[in-house]
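Go ahead and model the full structure; you've got the sequences and the hints to work with.
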Amino acid sequence: MMKILYRSTNRGVPETSFREAIFKGQPEDYGLYMPSSIPVLSRDEIDLFRQKSYPQIALNIIRRFIGDEIALSELERMVAEAYNFDIPIQRVNGLYILWLTKGPTASFKDFAARMLARMMEYFAKEENRKITVLVATSGDTGGAVANAFYNLENVNVVVLFPYREVTERQRRQMTTLEKNISAIAVQGKFDDCQAIVKRAFNDRELKHLSLTSANSINFGRLLPQIVYYFYAYSRIDAENVFFSVPSGNFGNLMGGVFAKNMGLPVKRFVAAVNDNNEFPVFLKTGEYKPVIPSRECSSNAMNVGHPSNLARIIDIYGGWLTDERDKKTGEAVKKGVLNISPDMEQLRRDFVSFSITEDEVDEVIKRFYERYSILIEPHGAVGIKAAEKSGEEGPIVAFETADPAKFPEKIKKLLSIDPPLPASLQGLDSKKENFEIIENDYERFKEYLLLK
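Position in the sequence shown (first residue = 1) + 3 = the working numbering.
Rather than coming from a laboratory, the hints here were simulated on the basis of the structure.
Take every hint as true, because none was put in to throw you off.
Calculated pairs, BS3-like style, for lysine-lysine (alpha carbon to alpha carbon, straight line, at most 30 Å):
1) 434 with 416
2) 415 with 392
3) 105 with 434
4) 337 with 449
5) 392 with 270
6) 287 with 270
7) 133 with 449
8) 105 with 392
9) 270 with 105
10) 6 with 55
11) 392 with 287
12) 415 with 369
13) 435 with 105
14) 210 with 6
15) 416 with 105
16) 210 with 182
17) 338 with 449
18) 128 with 182
19) 337 with 287
20) 416 with 369
21) 455 with 128
22) 415 with 435
23) 128 with 6
24) 435 with 133
25) 270 with 292
26) 455 with 133
27) 434 with 455
28) 331 with 292
29) 292 with 338
30) 435 with 416
31) 182 with 434
Right, dumping it as structure tokens:
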């Protein structure tokens, strides 16, 4: 199989292997890794997925980006272990809801984190290499990564989360594991956590720690998210599907962009955002203006004012988005500089985007429970409302990305019920927590890493 190399969106460093791309997480030039070419599937190959299981589809997609860097038998083992849970699709009138919530942490982040953990462990063992995984989370990523990497040899995980902007259950999924998992609450926003992580990767004084990322800046986190687009299409008997995707850091949406470029017949993407509306404004005006600081909404995993993966989307459409950085410290002094505009006409053909208000989220949650007896949480509500606003004719798949039990206060307030706890969340509320609180200060975080 042809070896695919990985390049930086900033094009300031040489191409590298898949292994090095996922170990580095981010290139030294502060870009994001992209495959130098995107494999394309024929329609016949895609249609054959209708007879395949989720792990079989995952194997077919993922191996095309890895070549022979992981033996096929090992990849087969990994996908079988990673995807041992259900992926239901529920039809509600003309809408299909893809439930990405049945994994061990009740979040769609399980799909990426479980596969990334296995690939990293494989490479680390092969090289007898100890690595430290840094992850910034706005909600669900931290819990999924902590669970996926828990108790693995050769890997330590440090999770950073905004102290006041995660729910108690989301926090407990990160702070009750210990062993090789450390959790840090940052007195700031998600974008602050993400900026700290990005800066650490390129700090020469931390090179000996072998730092890497489990955020969607890491292509290995992004790669498994391509798969469920193919899976959803294979389970819907229709052509030219629309996808409505709750979008924060845009990793979920980027998985769909890769799928479309691989040949999946996607008619259009509906990029569903909350009050952090930088993308719909960009689509409308062609000017990129990050929302700084990000706005706090109940769909907290989407409280991102400057999405990392937007640089990848713009790259695919012929543009170049980067951050202007201090040459000495590497700190971003101006975020979201559009050096080259993408093909806006093509972007507007392939995407529509809607900013959904908190009142609209509440209305969807109430309506779906009262009318269909279906419990929806805030992120899923954003996706569903954006799908409805799009007015698209044809099958539209909306992603539900987290279990409603992660948002008990919101559900109780709107519906006067306690959402049932999935098995994965039972017992969590009584476990002992262990985490540190630090100010929003890179030097303080660096000191923590060096003393750890």
